[in-house]
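S.K.: Chain by chain, the residues:
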Amino acid sequence: MSLRAFVEVQDVTKVFEDPKRGSVEALRGVSFSCFSGRIFGLLGPNGAGKTTLLRILATTLSPTTGSVSIDGVVVSTDPARARRSMGFLSGVAGLYERSTARELVSFFGELHGMDRSAITARVDELSRLLGMESFLDMPCGKLSDGQRQKVRLARVLVHDPPVLVLDEATATLDILVADEVMRFIEAERARGKCIIFSTHVMGEVERLCDDVAVIHKGRVLFLGTKDELAQGGRVADAFMQLVRGASDASSPGAAS
Amino acid sequence: MRWSTVVAIVRRELRDILRDRRTLITSFVMPVLIYPLLTIGMGALTKSERDKVDAAEIPLMIREGGNPVASRPAVPEASTPSFLACLLLDSRVRIERPEFPDKALEDGKILGVINIPGDISARVERREQTIIDVRLYSAHPLSEEVRGVVNKALARYSSGLVPLSADVEDLSPPSHRGAAILGGMLGFILISLAVSAALMPAVDLVAGEKERGTLEALLISPASRVEIVIGKFLTVLIIGTASTAVSLGSLAVSMNSMLSSMKAAGKIEISVGPGAFATIFLALVLVTALFASLGLAVSAFARSFKEAQSWMAPLMFLVIPLGMMATPPTTMLSSFAWVPITNVALLVKDMMRDQAAAGDVLIVIGIMSALVFVALSFTVSLFQREDVIFREGGVPLFRRDPRRFAPPTPAAIIAVLACVVSTFSLASVLQGAHSATQLLVQQSTFFIAALVAWIATVGPLRGLVGRIPTRAQALGGVLAGLGSFLAVVQLHALRSLIFPGPATYEADLQKAVGPILELGAPVAVLLIAVMPSLCEEFLFRGLVQSAFGAGNRAVSGVLVSAGMFALIHFVPAQMLTAALLGIILGVLRLRTGGVMAGMLTHAVNNGMVAAVALGGSFLLPFAGEGAIPGLSATATRVVCLAGSAALFIAAERLTRARVAPSASDG
Ligand SMILES: Nc1ncnc2c1ncn2[C@@H]1O[C@H](COP(=O)(O)OP(=O)(O)OP(=O)(O)O)[C@@H](O)[C@H]1O
Ligand SMILES: [Mg+2]
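These protein sequence lines are chains A and B, in that order.
When you number the first sequence by the working numbering, it's gap-free, plus one each residue, and the end is 1015.
When you number the second sequence by the working numbering, it's gap-free, plus one each residue, and the end is 673.
Source of the hints: derived by calculation from the structure; they are not laboratory data.
Think of the CB as a built atom: it goes at the ideal place given N, C-alpha and C, for glycine as much as any other residue.
Mixed in with the good hints, there may be bad ones.
To be verified - Take a look, some chain B residues computed to stay more than 12 angstroms from chain A by CB distance: (1) Pro75; (2) Ile227; (3) Ser228; (4) Ala230; (5) Ser231; (6) Ile235; (7) Leu329; (8) Ile396; (9) Gly473; (10) Ala531; (11) Ala649; (12) Ala657.
What the hints assert, rightly or not - Restricting the straight-line Cα-Cα distance to at most 20 angstroms, the calculated cross-link-like pairs of lysine to any residue (SDA-like) are: (13) B:Lys313 x A:Tyr855; (14) A:Lys901 x B:Glu216; (15) B:Lys116 x B:Thr137; (16) B:Lys313 x A:Met961; (17) A:Lys985 x A:Asp1007.
Said to hold, decoys possible - FRET-style restraints, in silico, Cβ to Cβ: (18) A:Thr931 x B:Arg392: 29 to 37 angstroms; (19) B:Ala249 x A:Arg966: 32 to 40 angstroms; (20) A:Arg780 x B:Ala514: 30 to 38 angstroms; (21) A:Arg875 x B:Ser231: 21 to 29 angstroms; (22) A:Asp896 x B:Thr242: 38 to 46 angstroms; (23) A:Arg780 x B:Ala249: 43 to 51 angstroms; (24) B:Pro281 x A:Arg780: 53 to 61 angstroms; (25) A:Asp919 x B:Phe284: 46 to 54 angstroms; (26) B:Thr641 x A:Gly781: 51 to 59 angstroms; (27) A:Gly781 x B:Arg663: 32 to 40 angstroms.
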């Protein structure tokens, strides 16, 4: 395969200065590459640093050292451009409760500088793709968790970015909606998107991921393809073995 | 109902609240600080206003039998002074003779016109009804003084039996009269409304978004931080301005209907011209803008809506004293145009009574606009900091190395509060009281604060007292007390070089405790030696030192408690010696693991003070003041210093003797 690395993470460390705990090393020398048309899975136990890493990709946090580049451009030199070429979905992100789904998605379209007609067309398209027609004009406060997650996805995708960063995108969903979301992700991969994806559900990893990184206490324990991780067995077993091995080596990790 | 359950719940809730430093600060520290400051500040302000008024000239036009008085009569008549002479007894009165008296009144060139009937003395003699006709212009802040001058003259001139009175006519239009009465309060009320109209939406727009998890999505969008802040700021400004406009309107309507009866009688009226109204509105919009951006800033680093709201209280506490400063009738914009908030409140008042100078109005607008700009830039800078937006704990504005400084415990905060309360109560409330009362109040505040804080936050009281000293340690405490007395007297010589005051220790002592000595020796010993050594030791070595010196911070515990101990002595000259004593006592507390040895030291030191004050001044040479018979002054000093050092060394040996090295106290 002649794929080019679309997102490159180089030797990223992140230290939080926490007033109570002192310096917290959330990431230590993390490097990997993600490719267009592939799904990159980020695995790790609670508090491993996944959200921190994805936030750095999304420019809301800046790395203490190291750099991230998207499409060859170092993110910190032009964060606005990085944000335009990326959609970041966090499982815990909220919605404007008093806005309708349509208003909310349109608002983010406006922030991306899209014009009215383009926004209308895109909202209609997304609502068809994600099956949002029935609740498009309902206030978000009244939606179910599954419906809300679709609105979040639509919000992230409104400008059709080449990179998708998804932090636990299916965490609160039932298997039916989760399946819908995964099918959508697969479709986006087929369209050549570069997708970075964190999850605690190993089934999703089995189904979706091409490449995988396992991080634990801010360090990369494993980097390679899914098949290399599973080695013919189940991903879950390989993951547990890795993390347990690392935990035994150091002291038991604390949950975040 | 089981009371034990209720008590358990109360205990848990109280502990929880006391551990939340923010609640402690907003519901205790702020009010405790704000009201003494407010009283002291308002007192000082009123006094300075009064002084200004007392020093101001009062230009008057005085007519006697229709003829304007030209100037002060050269020699005041001796036997029975005329009414004019009575008026002129007030040295502030200056006589003017304007061509158009009413115009001069309105312009403030003169403050009053006083018509004295020509035949006043004859009429008074015949006990006929006599009226002094007074005209003034009440919109002018000093017009009240004219009444005062006339009333004083009336009182001097007649002994009350004479049917003599003044008839005061107010030439200022009813609207100005209304402004003079309501202006100060109105400005304050309008500002408070503008502030709350800005703060509430500001909290929701950022802290609310954070809490609902929508802020991150906004931050990840291509919108820049400046755009986000300005967008939110304008939203708050629009809402706040609209709300201010509505409250202004509603206030105007209700005031008008309330005042309509008075208005019908032509007495009072609130009417503001369009220009003044627009200026007032602009100033209020600037207040809204300032607090809109301050509110955004505060809610940017609050982690939740509730936290943001608890930060709003301090902002309100900022507004109250500043707004209150505008309420005394004599404060004028011209003298406070540089003070934000106060200047807006005064602008409202002076605009309404037509007394605001254009230059001052410009200063107000300029200052407020500059502040808005600064606050807004500050808010933008906060939004650009990830440690603010994704804050996990602590206030990033006061960032510090967490390994070196741990936050003070709630107990420490209460202890600090107690010191502040007792010091301020001494400074303001008890100023005139007998020094024995002051001492009693202060000492019992210390005692109660120590007990309450300890029970509420630490636990069994035994810990407050700490370990019982061994006999050797007790002896060490006594020797340390003697040593500190010697050191204190020596230090006095040093401090009288720095601070003004009586040069000799004895004179200084008499000045400080003189009134207490008059109550008799037993009371004096109780108040000077016994009470402080009990109460102060409980608070400073018991509570404060434990609170600030826990764990491996023993040294900072000693220093903080000594520092606070010095501060509560209030008189700068006493702080030096108090700091020394504080350190000695703090070290003793560490050494012996309890406060009792320190109590002995304190009691011996203060007991020596009482003994000297009660007639034991022959002891002083042995403490180094003056000369021991047969020695020179310098030699005495050297001997005493050596004695003091020897005593400390002995105390050090004695107290160290039996302390287990594992003692994990502090
Ligand atoms: N703003 C912050 N300030 C201080 N420490 C932080 C901050 N954000 C994260 N951390 C710490 O960094 C570490 C990694 O956290 P992170 O949220 O990235 O983990 P995670 O892998 O996403 O965990 P989870 O699976 O539970 O979501 C944790 O120890 C966390 O407490
Ligand atoms: Mg996470």
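S.K.: Decide, hint by hint, whether the structure agrees.
M.R.: Verification of the supplied hints:
1. Pro75: holds (73 angstroms)
2. Ile227: It is violated; Ile227 (chain B) is separated from chain A by about 5 angstroms at its closest Cβ, not greater than 12 angstroms.
3. Ser228: violated (4 angstroms)
4. Ala230: violated (5 angstroms)
5. Ser231: violated (7 angstroms)
6. Ile235: violated (10 angstroms)
7. Leu329: Consistent with the label, Leu329 (chain B) stays out of reach of chain A, its closest Cβ about 31 angstroms off (over 12 angstroms).
8. Ile396: violated (8 angstroms)
9. Gly473: holds (29 angstroms)
10. Ala531: holds (50 angstroms)
11. Ala649: Per Cβ check, Ala649 (chain B) is outside 12 angstroms of chain A; nearest 48 angstroms; holds.
12. Ala657: It holds; Ala657 (chain B) is separated from chain A by about 43 angstroms at its closest Cβ, greater than 12 angstroms.
13. B:Lys313 x A:Tyr855: holds (19 angstroms)
14. A:Lys901 x B:Glu216: holds (18 angstroms)
15. B:Lys116 x B:Thr137: Measuring from Cα to Cα gives roughly 28 angstroms; hence the hint is violated.
16. B:Lys313 x A:Met961: With Cα atoms ~38 angstroms apart, Lys313 (chain B) and Met961 (chain A) exceed 20 angstroms; violated.
17. A:Lys985 x A:Asp1007: violated (24 angstroms)
18. A:Thr931 x B:Arg392: 29 to 37 angstroms: holds (30 angstroms)
19. B:Ala249 x A:Arg966: 32 to 40 angstroms: The hint (32 to 40 angstroms, Cβ to Cβ) is violated, given that Ala249 (chain B) and Arg966 (chain A) are roughly 53 angstroms apart.
20. A:Arg780 x B:Ala514: 30 to 38 angstroms: With Cβ atoms ~57 angstroms apart, the hint is violated.
21. A:Arg875 x B:Ser231: 21 to 29 angstroms: holds (22 angstroms)
22. A:Asp896 x B:Thr242: 38 to 46 angstroms: Check failed, 24 angstroms falls outside 38 to 46 angstroms.
23. A:Arg780 x B:Ala249: 43 to 51 angstroms: The hint (43 to 51 angstroms, Cβ to Cβ) holds, given that Arg780 (chain A) and Ala249 (chain B) are roughly 45 angstroms apart.
24. B:Pro281 x A:Arg780: 53 to 61 angstroms: 60 angstroms Cβ-Cβ, so the 53 to 61 angstroms window holds.
25. A:Asp919 x B:Phe284: 46 to 54 angstroms: At 52 angstroms between Cβs, range holds.
26. B:Thr641 x A:Gly781: 51 to 59 angstroms: holds (54 angstroms)
27. A:Gly781 x B:Arg663: 32 to 40 angstroms: This hint holds: roughly 35 angstroms between Cβ atoms.
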